[in-house]
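J.: Those sequence lines, one after another, are chains A and B. Under the UniProt record's numbering, residue 193 is the last one in the first sequence; the count climbs by one each step, no gaps. Under the UniProt record's numbering, residue 254 is the last one in the second sequence; the count climbs by one each step, no gaps.
Chain A side only, calculated, beta carbon under 7 Å to chain B, not exhaustive:
id, residue
1, I18
2, V47
3, P114
4, Y135
5, A139
Source of the hints: derived by calculation from the structure; they are not laboratory data. From the three backbone atoms N, C-alpha and C, an ideal C-beta is built for every residue, glycine too.
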Amino acid sequence: MKLAIVDIGCGNIGAISIAFERLGLDPIVSSDAATIQSADRVILPGVGAAGHAMEQIRWRGLFFVLRGLKQPVLGICLGMQLMFEASEEAGVHCLGIIPGRVTKLEPAPGRPVPHMGWSRLDVSDPGTGLKTGDYVYFAHSYACTDGPHSVATAVHGRAIPAAVRKDNFVGAQFHPERSGDAGARFLKAFLDP
Amino acid sequence: MPARRIIPCLDVRDGRVVKGIRFRDHRDVGDIVEHAERYAAEGADELVFYDITASAEGRSLDPSWVRRIARVIDIPFAVAGGIRSRDDAARCLDAGADKVSINSPALERPALISTLARDFGSQCVVLGIDSLRREGDYVVKQYTGDVATTRDAGRGTLDWVREATERGAGEIVLNCIAEDGVRTGYDIAHTKAVIAATTVPVIASGGAGAPDHFRDAFEAGASGALAATVFHDRLIGIQDLKEYLGACGMEVRR
Chain A
1 MKLAIVDIGC GNIGAISIAF ERLGLDPIVS SDAATIQSAD RVILPGVGAA
51 GHAMEQIRWR GLFFVLRGLK QPVLGICLGM QLMFEASEEA GVHCLGIIPG
101 RVTKLEPAPG RPVPHMGWSR LDVSDPGTGL KTGDYVYFAH SYACTDGPHS
151 VATAVHGRAI PAAVRKDNFV GAQFHPERSG DAGARFLKAF LDP
Chain B
1 MPARRIIPCL DVRDGRVVKG IRFRDHRDVG DIVEHAERYA AEGADELVFY
51 DITASAEGRS LDPSWVRRIA RVIDIPFAVA GGIRSRDDAA RCLDAGADKV
101 SINSPALERP ALISTLARDF GSQCVVLGID SLRREGDYVV KQYTGDVATT
151 RDAGRGTLDW VREATERGAG EIVLNCIAED GVRTGYDIAH TKAVIAATTV
201 PVIASGGAGA PDHFRDAFEA GASGALAATV FHDRLIGIQD LKEYLGACGM
251 EVRR
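Bound-form chain B, shown alone (with noise of 0.2 Å):
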């Protein structure tokens, strides 16, 4: 296994990074290029970007503000929001995104994963779910961007990992979103769940809140570990974190 990644997601709404809590009451929390600079700068080991209205609004992400980031930062990073066809995707990838990541869209068509797969290896495809804890069970959600259009998307959240993989999906960023924004640190069960349910790497997501809650994540076996408040709002430095990481004996980049 590659050293653990942390992986700051920063969410974008017209060109500009916002934050919410659960996914509602977003606020502007500054420029993209300047926040994409400040982590690459600080030891992100990689940076994801979701257009967060993208799907919502029945629209791809604009490649104009990916190019702008792919000139300023050396370490990878991965593209969200309403990619919907292989042509979507050639255009994130074209302006500099080393993946491209599919969520909704991908609900709609699973078949998208198959040909993003094919056509442009599966490394590039990543797979963005947003899945809800039910009644013992998990549950896939769709259109989080705003609360008003989000809705079951009727299928189980390890089912729908199996056939991703199956389809050729090269990572899943598991979002639990009952946890987004609330810092109470990652579902763990959730999480692993969903790792021994794919040969892929699982990146967790939502709830991190604490350093001890990236140290959780990683113990229970996921590749990476993605936070946006924490590091917005300046809770966990990524150096200190990944300090203490290093101390409890894990394989960081440093």
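The following block holds chain A by itself, in its conformation from the complex (with noise of 0.2 Å):
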């Protein structure tokens, strides 16, 4: 299987490389819209700031290749805020594949931002390898709003949707790279359906 992860110059592109090469597979790591749209997965990772990973993606070049893409194709953390229609965090619009926006965590008493931790999830799509009661381990500050592609939520002050799919797309709000047994079920999932 050729699983390509985007390249899109920011962030955790070591940590999960190496989860997938746990789980056997070889990663290309690339912005090359032909290698990309050639691969069996695709994943998109992302940490750091949704404005800058959009200008990269138009930079490069992919904004509409990552669109059109019809394999299966994973958002990880800001990769999948990235799949939604729009961020607040610098107003900035993004992919448009998956409908709702992505806000701020607003903080409150015994309540920090960002959500950084081990999360219990309640999961209604047991397809995606995970199951009610899984801890997962989230590290952010915006999250996307809850709709009806969220196929597991967490709570943080609000629900947060922990895993969301649409058609051929898949994200994961935590970061399954880093969810012990559980992260790699969801890996799994995503690689034999």
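Using the supplied hints, reconstruct the complex from the two chains, each of which is provided in its own coordinate frame.
T.: Structure, rendered in structure tokens:
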């Protein structure tokens, strides 16, 4: 299986590559349209700011390439947020694949932001490889709005989509590469649905 | 709030895990990868690796051991030690670390916090603070890796916490120095004061010796509790600790 990790010049590509290597794959890190389009699976990673990431996507000519992918695509953390319509972070327009917006998490006493650590999941789609009661690792200050495409949620002040699915596009707000067994199950389910 | 995190801290020197008492007299306690694997398997929620001499020696930590760790564990980990530029941080994150923790270099140049938060996101940027209680106040210490180089940073702890949060630090590891390695419990008043001064998660550090010390830190509002000696010396098992905290009504990942 050919697995491409989209290189948008930011973030956690190291940890994500290694997670797939642990599953016996040899991922290709690339920003080349043809390489991405010909892969069997595509990973859109990302940590950092949405504005910077969208600039990188446009600058590398990948906006329509990513939107048009037909194979299973997995967005992780910021990569999932980029699949939504727009982000409150710097008021940026995103890829517009999944309906909904990305908004800032508000801190409150006893509820710090970033939402950082292991939160318990409520899972509505066992096809994700996840199950209700799993703990997975989150590290984010912005979150997508909950909606019909959520297949797993966590709570941090409000319901946060932890995993989403629309057609061939899957997203994880949590970090499957750093979520122990539950994360590995999720990645395996993405590779072999 | 997510599950309360138990965070073993591994002090690293020359790619080996070491432990000192009150930041002195470091002894070798074993191989870094073996420790990382053992803690991940035992249920640690996160790990922190400090290259304790990097800052004092004016160098950044070695990304080669970061990659060795990233290969073997599937839980998050932060690395610290002499990260003084965007490029130093990028090397650690590229090698597979989830977060970088900065301490002395941030005191030298606070704009470093802003730069890292802008380029990698706040969730990657941990601020480590070595804080000492002094005459009813809390003050920041610097270059604590070696007793000969340790000195006052010339800042109050709470002011520094507020500034760092403003600049985009995504987490604070509060190390209360007087208690470090002596196992008499976290400095709870100190930890509470820092939690009240910030909206980001605060990790209690320094002084853990018994399961109820962890309970106290979490009751005070800490998102995580960091410890070294009690885990390295196997005085407390992580599973036992989590069972105890669960029985106290705290949410832990099991």
